[in-house]
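2 protein chains.
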Amino acid sequence: MNPLAVELNDTIQNEAPALFRLLSELGRELYFPKGILTQTAEANQKAHRYNATIGEARAEGHAMGLPSILRHFTELDADEVLPYAPSAGRADLRVAWREELREKNPSLSGVAVSLPVVTCGITHGLSTIADMFCDPGDVLLVPDKLWGNYLLVFGVKRGAEAVRYPLLRLEGGLDLEGFERVLRQHTPRGKVLVLFNFPNNPTGYSLTPSEADRLCEVLVAAAESGCDIVAMCDDAYFGLFFDEAVLKESLFTRLAAAHPRILAVKLDGASKEDFAWGLRVGFLTYGIAGGAGAYEALEKKTAGCIRGTISNSSNVAQQLVLRAMKDPAYKAQKEEKFALLRRRAEKVREVLADPKFTRVWRPYPFNSGYFMCLRLEHLNAEAFRLRLLEEYGVGVISTSDTDVRVAHSSVDEKDIPDLYEVMFECALRMQGE
Amino acid sequence: MNPLAVELNDTIQNEAPALFRLLSELGRELYFPKGILTQTAEANQKAHRYNATIGEARAEGHAMGLPSILRHFTELDADEVLPYAPSAGRADLRVAWREELREKNPSLSGVAVSLPVVTCGITHGLSTIADMFCDPGDVLLVPDKLWGNYLLVFGVKRGAEAVRYPLLRLEGGLDLEGFERVLRQHTPRGKVLVLFNFPNNPTGYSLTPSEADRLCEVLVAAAESGCDIVAMCDDAYFGLFFDEAVLKESLFTRLAAAHPRILAVKLDGASKEDFAWGLRVGFLTYGIAGGAGAYEALEKKTAGCIRGTISNSSNVAQQLVLRAMKDPAYKAQKEEKFALLRRRAEKVREVLADPKFTRVWRPYPFNSGYFMCLRLEHLNAEAFRLRLLEEYGVGVISTSDTDVRVAHSSVDEKDIPDLYEVMFECALRMQGE
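Chains A and B are the protein sequences, given in the same order. Add 1107 to a position in the first sequence, counting from 1, and you land on the number used in the working numbering. Add 1107 to a position in the second sequence, counting from 1, and you land on the number used in the working numbering.
Don't read these hints as lab results, they were simulated from the structure. None of the values given here were measured: they were computed from a predicted structure. Careful: at least some of the hints might be erroneous.
Since the list can't tell identical chains apart, any single copy or any two copies may satisfy a pair.
[Claimed, not checked] The calculated EDC-like cross-link candidates involving lysine to aspartate or glutamate, where the alpha carbons are at most 16 angstroms apart (straight line), are:
1) Lys1441 to Glu1163
2) Lys1433 to Glu1206
3) Lys1355 to Glu1210
4) Lys1521 to Glu1167
5) Lys1521 to Glu1356
6) Lys1521 to Glu1210
Extracted from the complex, chain A is given alone in its bound form (with noise of 0.2 angstroms):
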């Protein structure tokens, strides 16, 4: 092993011993090469001379950039946008994302969290999380109604055994009992991972504040009886919570210092929560109850795994969202996006009040996030979003044998009293056939 993987293990172990011991044996391989980079960050601060360490081209002090690539910015120039950003993900950027998050979540007020770690989009993330958390075989507790790449993240790359627990109850609300028997089966094993996601793809159901206690009740449960957890919160759709009732944080907020056996983890980003899906930029952030000691060492090794995987996330991507952070009408464009996204969901909810739909469907619980789904009365899913597609130009996914994912994201509002109304067309023709 690696001294400098063996100097970060024992901070690790000092500092948060439930920490070290969930870590995947990859995960405890890993560190931050020294080498090049710290040589050139050595060179960066006390080079005034002539710094011959950098492996990027410049010319009499600036990135040497094409015209070709530059012209496309009205600001940014080749400084701004062409050298690499660290492995880590750019310090204003994170440290401008972390200050975000706290505002976002005040209940982390007082706790304390790691800095937030850039990734290539939020699934950069999770296989961060997977290479450094979950060994093959390790159990990984999912929702039933889930975004399917979890599976391959988790699942075909590392090899962990994927269990679903029952996420909603048709009449309501989160399904919190099932979840905590799937989780009892599991704890005897003595470490778990649990993936947890709200607003959920592809139901659009977040959690109210009493399930996010209840559900962090459940864990530290879990935890007392002895057992070790990994628990993910992707919150890529944050936000866009369009309901009352609905808890306007993070579940994070729950789990960070919850206890010393749960490493809760943040999987946050620009792609849904700043309309921009395909800059790719994610953020990881750690909390652990007592284990803040252990944050640099983690991050270090997260930003190994990183350096070993992709080396760094796109530079011009991270500076467009910190722009973006830092300019004034920021809020004002976001709040403006989000009351369009809030009136489809509302509009959905109205039209889906007339008591005529419950002859080809009952909606499951929605009240945030770009989708719903409808679980289908005596029709095949698929055979529905073919028909639906093939005969009225209507797409939709069909995510089960019985459910359908209807995105309101993509939809104008205008339009959505009359998606519904072919969808009950196409849904009655077909069950009279």
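Given the structure of chain A, go ahead and fit chain B onto it with the hints provided.
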């Protein structure tokens, strides 16, 4: 195993049996998921009325973007910058890069190579190859003068046993015998991964045409003896060839159709070729003799690996590279930067021709790229680096006990004579102590 993976494996096994044998355990498991992605693709074609499949926020037929992000662009609009790119990369960019690849490597004429897959920088291409082709304990041959991150990507992250081959003879040229000797030691295993990196980081050495031909012969002989080989060409610094005698094409041209047991992989990107380090646009292209029928399946597995690691690479970065490539001024702009870097390399050679320097160092052969290396005489390289930095304000990289790397990529031509004078003075003083 997922049925989609089985299907891809069957194709690969039929079309290119050695390629199938080379796949890692993970490589065999990989597939490109259908589900949401396929359903969305179908809807994009057929949902002429409402497309409620898209996991992005759209309004009135366009991506919803924040002006605080979009105001940074002169002509690119929300639809060009914000949506997700496909996991394998933008189709238009992949086609454009392959065209350019053929232009830059005329010997590829008539050779069937895969469509390039877009990666988040070359590191991500390397780690994707490591995932797909490297099992724990597999042997990876790397040059003894190397970019250290290979060891993190293949060694730490995938458990490869890295074995070094001697790259250069100090008296000049490639150490072909050294490479052949090391390769032969490992061919009895039946599977070897080999990493080539020309122009080399750190030495700035590139092959002559006859060295490339002979390297290819050595590999073909190993393949003939029954060894399956993944031959990676890390072409990060491609094009920066400063010497008439140097091969102006990639070694990939020699390997892409060399033998049915040799899978050649070209790893290149915009980072250095287009002076766009921090954008993170790399490419990964496959070639194997007689195996063209397996490329599509291999690209799908590659895309699946990317989906399970980062989902997709930055679209804005891809868009910028594509736009630059299509800009009429692109080639002239690159030529101008190239000429500037070549003048620096020539200046370094001119300066080093002074025989006085042989008292303190011998330069390794160099003819390309960003760097050159000096082998210090009777001096510890790290001690030299520190002294040079602390007392002279000059930054270089120590790459071993005896060697330092000096980047002319980041030092202006006018400063080069003084840079070497200062290094000389420092070395002389240290020798005298």
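Evaluation of the provided hints:
1. In this assembly of identical chains, the alpha carbons of Lys1441 and Glu1163 lie at most 16 angstroms apart only when taken from different copies (15 angstroms versus 36 angstroms within one copy).
2. Taking the shortest Cα distances, Lys1433 and Glu1206 sit within 16 angstroms of each other inside one copy (12 angstroms), while across copies they are farther apart (40 angstroms).
3. For the identical chains of this complex, Lys1355 and Glu1210 are intra-copy neighbours only, at 12 angstroms inside a copy versus 55 angstroms across copies, given an alpha-carbon limit of 16 angstroms.
4. Proximity of Lys1521 to Glu1167 under the C-alpha cut-off of 16 angstroms is restricted to the inter-copy arrangement: shortest distance 10 angstroms between copies versus 56 angstroms within a copy.
5. For the homomeric pair Lys1521 and Glu1356, neither the shortest alpha-carbon distance inside one copy (30 angstroms) nor that between copies (57 angstroms) is at most 16 angstroms.
6. For the identical chains of this complex, Lys1521 and Glu1210 are neighbours neither inside a copy (34 angstroms) nor across copies (50 angstroms), given an alpha-carbon limit of 16 angstroms.
Consistency with the previously given hints fails for numbers 5, 6, ordered from lowest to highest.
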